[in-house]
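**Q** Here are the chains, one letter per residue:
Protein chains: 2
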Amino acid sequence: MDKILRIDVGADGGPKATTVAVGEYAGLGGRALTSAIVSKEVPPLCHPLGGENKLVIAPGLLSGSAGSMSGRISVGCKSPLTGGIKESNSGGQPSQVLARLGYNAIVLEGNPKDNTLYKVFINKDGVKITPDNSLRMLPNYDLIAKMKAEYGDKIACISIGPAGEMKMCAASVAFTDMELRPTRHAGRGGVGAVMGAKNIKVIVLDDSGMPIRAPKDPQKFQDANKRFVNGLKSHPVTGQGLPAYGTNVLTNILNEVGGYPTYNFKQGRFDGAAKISGETQAETETKRGGLATHGCHRGCVIQCSGVYHDKDGHYLTKQPEYETVWAHGGNCGISDLDKIAMLDFLDDNYGIDTIEMGATIAVAMEAGLAKFGDADAAIQLVHEVGKGSHLGRILGNGAAMTGKAFGVERVPVVKGQAMPAYDPRAVQGIGVTYATSPMGADHTAGYAVAQNVLKVGGDVNALKPEGQVELSRNLQIATAAIDSTGMCLFIAFAVLDQPETFQALLDMLNAFYGLNLTGDGVTELGKKVLSMERDFNARAGFTPQHDRLPSYFKSEKFAPHNVTFGVKDEDLDKVFNW
Amino acid sequence: MDKILRIDVGADGGPKATTVAVGEYAGLGGRALTSAIVSKEVPPLCHPLGGENKLVIAPGLLSGSAGSMSGRISVGCKSPLTGGIKESNSGGQPSQVLARLGYNAIVLEGNPKDNTLYKVFINKDGVKITPDNSLRMLPNYDLIAKMKAEYGDKIACISIGPAGEMKMCAASVAFTDMELRPTRHAGRGGVGAVMGAKNIKVIVLDDSGMPIRAPKDPQKFQDANKRFVNGLKSHPVTGQGLPAYGTNVLTNILNEVGGYPTYNFKQGRFDGAAKISGETQAETETKRGGLATHGCHRGCVIQCSGVYHDKDGHYLTKQPEYETVWAHGGNCGISDLDKIAMLDFLDDNYGIDTIEMGATIAVAMEAGLAKFGDADAAIQLVHEVGKGSHLGRILGNGAAMTGKAFGVERVPVVKGQAMPAYDPRAVQGIGVTYATSPMGADHTAGYAVAQNVLKVGGDVNALKPEGQVELSRNLQIATAAIDSTGMCLFIAFAVLDQPETFQALLDMLNAFYGLNLTGDGVTELGKKVLSMERDFNARAGFTPQHDRLPSYFKSEKFAPHNVTFGVKDEDLDKVFNW
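Going line by line, the protein sequences match chains A and B.
In short: position in the first sequence from 1, add 2, done, that's our numbering.
In short: position in the second sequence from 1, add 2, done, that's our numbering.
Next comes chain A alone, as it looks inside the complex:
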């Protein structure tokens, strides 16, 4: 893995692929690499859909190796949704496959000369780019079926659905899973719209004939990996909760603590929570012949995914994640798990971020476009997005635009990006992350829910402002580093709780690359990534005033704890003082 594939989509005669040495970007992976390239090569004031923006797709440092959990892949660009830098990452197979093909990153750059749509095929022999307008407006599932028919089933795909082609700000980039289904998504920030603006519909990867990436010290690597896996398996979250119920194990937990935003962030508990909980979901999946425990990529030992079948026992969608079940469920007053699963499928198929879409529908419900709780209306709204109706053009561009279009004040966004499934008043640590992350409102950027609610890796009172800034700071630093390794973020539960598991991770990196990385080195990497990102945003016009929650979170009390967001502005401004 020592080269970058650059595809100039504006070249004469159609997109032109050039493979260059990794050069100055050597040693960086995942988010560190996407943010470095975007920060250095993209003018911060450029139009996100214009020729100056770039889409960078990068596997992590350990992707493609025998290291467990190393299947994340990062997508970076200037975000059409936030106007700032964006890194959104995903599971699925392409990370491993792209890494084995030897690429540190694919960079889509330039401005297409016309509207021709292209597919890119990459295997051990090189890169082939073909115009294929027959793919136009194909949903992801149909698209991947077509690619499978054309290239066989040993492939992994990176693609956009109709939402990406229509350059919507909620458009995702889809990554296929182990069953070659487009179920894993880099959802946030409209990265799919940037791929759409480059007129690249799908990137098909085939690593046949490419070996697994070899560590510098195979024995040490194998040993460290074993300790790492044991650590994950012995932790209650990564060894029990996530495998059994998936991320949706959180529904009951968040609802119980009163931090589960319902009815467009109106209150912290939902009557229908039990009906859509991870426990109910797992039982339903098992009963119908789906799967409650499943991995999204080779080498996963947590197995937090699953397969959701409909009432007749046919595949409907992958197991919807907690944030999806919340976004399309509780936040919209919807408690029908089958309808939520259908919404998950539609989002995946049209290529839309489930969090942004659910938050948007809740805002639309507040605007009176549908009644809270009306699942069929919600499904219809997602179809509007997929077909690109005028209403769909509003909704597909996210909660902020929807609020503006319909004159709604209560729009839960930061930097234009919708908040995920944790209310910042009842979980104040995540509120600090929402407010200050360079990514906009993003739970994964510094998951203070761990210490505020789950009491993993520390214990900070969720309802009070005290200690949240330091908590979010440390988590944002750690996350920026983990997002650069290609490791699934869920390893953090064990890594933060168990020093020996953290050491095992370091040992894996050191054995693979022949390094002497310490915990401090990891912290330095995280700080370096965040600093690059914040520097880009500053050059794009972001200020401390953009590191704020919408003002109603400071005045509107949130039941059942009747609490407002209490972290002061001047303390938010200290998050990045290190």
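It is worth saying that the hints were derived from the structure and are not from the lab.
Careful: at least some of the hints might be erroneous.
Since copy identity is lost for identical chains, a pair holds within one copy or between any two.
Stated by the list, open to error - 25 Å max Cα-Cα, derived DSS-like pairs, lysine-lysine:
1) Lys-268 to Lys-115
2) Lys-42 to Lys-570
3) Lys-373 to Lys-389
4) Lys-115 to Lys-559
5) Lys-556 to Lys-115
6) Lys-156 to Lys-457
7) Lys-115 to Lys-373
8) Lys-148 to Lys-126
With the hints as your guide, set chain B onto chain A.
**A** Chain B only, in chain A's frame:
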């Protein structure tokens, strides 16, 4: 004139009016007053449609006096379109009437308790606020007819149309003219949406029984006013060009110099210019029994307005302004003056900014929603806004949202507000004003077209960057001061060219208030206003990066001069260094 009327629309039992002494705001009028109140009382990070925002309506320092040209009225708030501070001003009768009623300003504040719509009636006896849901979604013309039937024809009205009620970012606040028609608008920045968010449909003013405002030194005032009027009459622009052809005299001029943006700012000349020029317009008006020379308020000596009749000789609309004829005409490739007049009428009736609307339709045409040149399609698009269809919700929120909804890169906005009728590449001084004005792209904020093109008050080469920063700086300062007097900005042509006319203006202010204001004092006032506005914007999160044109203006050459915008970023940052 020594009191402020504050209406708390969130009071128990419905809106409550309180009249308070002008107090700390004494000595300020028009824009100086609206910006002072907004800057001091509105939290910069509040939601523009929420209870923390305020709508301030203020006549100028000389409004309601016998001073000529003193009929402008300012509307201020945090803008829903730009997110920054906004002052948008208008002609019409309400400025004079409100001033004679003794009010320095009306301030609409608070958050309505429910959806009830209200009308406000103000006369010498006080203020009466009445719920009236029968007014809901009435277009401005119907609304004013109803008010006339109810309150007689001695009134002046301030109102919103359906666009304001729907809280659209392109919604205007309408002011009636001398014929009690809602033809004058504070159009820019979505001020109508803020009035809509306060649930105030119309403010009816009746100054019966109130005397004309008396100067401290009547003789000196009368003498100064006479010199002022003579100065205006003797200047070729204010004494000949504007009276004869109205503002639309500019179509041929701008087209001739190649600075007339057509087809969504694609090129600087339009084949159909002659058909929609002020000369053709005046001839058409006269032939059909309309008026080519007319004032919009009592005491106007420039008489740049007019009355436009349809082919059958019936009133269609007031004489469309140059910017309107450009926005709905040349910029959309439309050269049918009757259709443009119909678009002007529809905008006034629905309560929409004609500049934003025309720019938006051009972006929609670039997105493929209609063909350039298709006037009937343009009319249909404005109807979509008026009825609030989903498409109308996009278009009614302006060019920036329309560009985002349909994935268009070429969107000519600064701070989210559409550029008016002068291309910043061919008229680089106005480009500096567009980029740096705290208001967003606004030609009136510093009308460098005067020196760049008309060669009034100086001569600076329009195609070169040299001298434009200093030019825009001086004009922005002068404009901020003039906008505070209540004087029509068109006096600037004579005032900038003729020192004795400028002195006459100073003498009027001094005689009226018993002051010793000098030219330096005017400059200080202008700087003070701009500083307040920029301070608000800084606290709202604006940075130098927001004082930029969209990047394509720096790379896309503009015919016929094949020029790009050449003023450097670091020079733009010097505009407010004084």
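**Q** Each hint: holds or not?
**A** Hints, one by one, checked against the model:
Taking the shortest Cα distances, Lys-268 and Lys-115 sit within 25 Å of each other only across copies (18 Å), while inside one copy they are farther apart (47 Å). Taking the shortest Cα distances, Lys-42 and Lys-570 sit within 25 Å of each other only across copies (21 Å), while inside one copy they are farther apart (33 Å). In the homo-oligomer, the alpha carbons of Lys-373 and Lys-389 lie at most 25 Å apart both inside one protomer (22 Å) and across protomers (22 Å), since each shortest distance falls under that limit. For the identical chains of this complex, Lys-115 and Lys-559 are inter-copy neighbours only, at 17 Å across copies versus 52 Å inside a copy, given an alpha-carbon limit of 25 Å.
In this assembly of identical chains, the alpha carbons of Lys-556 and Lys-115 lie at most 25 Å apart only when taken from different copies (20 Å versus 48 Å within one copy). Proximity of Lys-156 to Lys-457 under the C-alpha cut-off of 25 Å is found in neither arrangement, the shortest distances being 42 Å within a copy and 71 Å between copies. Proximity of Lys-115 and Lys-373 under a CA criterion of 25 Å is satisfied inter-copy only: 21 Å between copies versus 44 Å inside one chain copy. Taking identical chains as interchangeable, the C-alpha atoms of Lys-148 and Lys-126 lie at most 25 Å apart only when both belong to the same chain, with a minimum of 21 Å there against 77 Å between chains.
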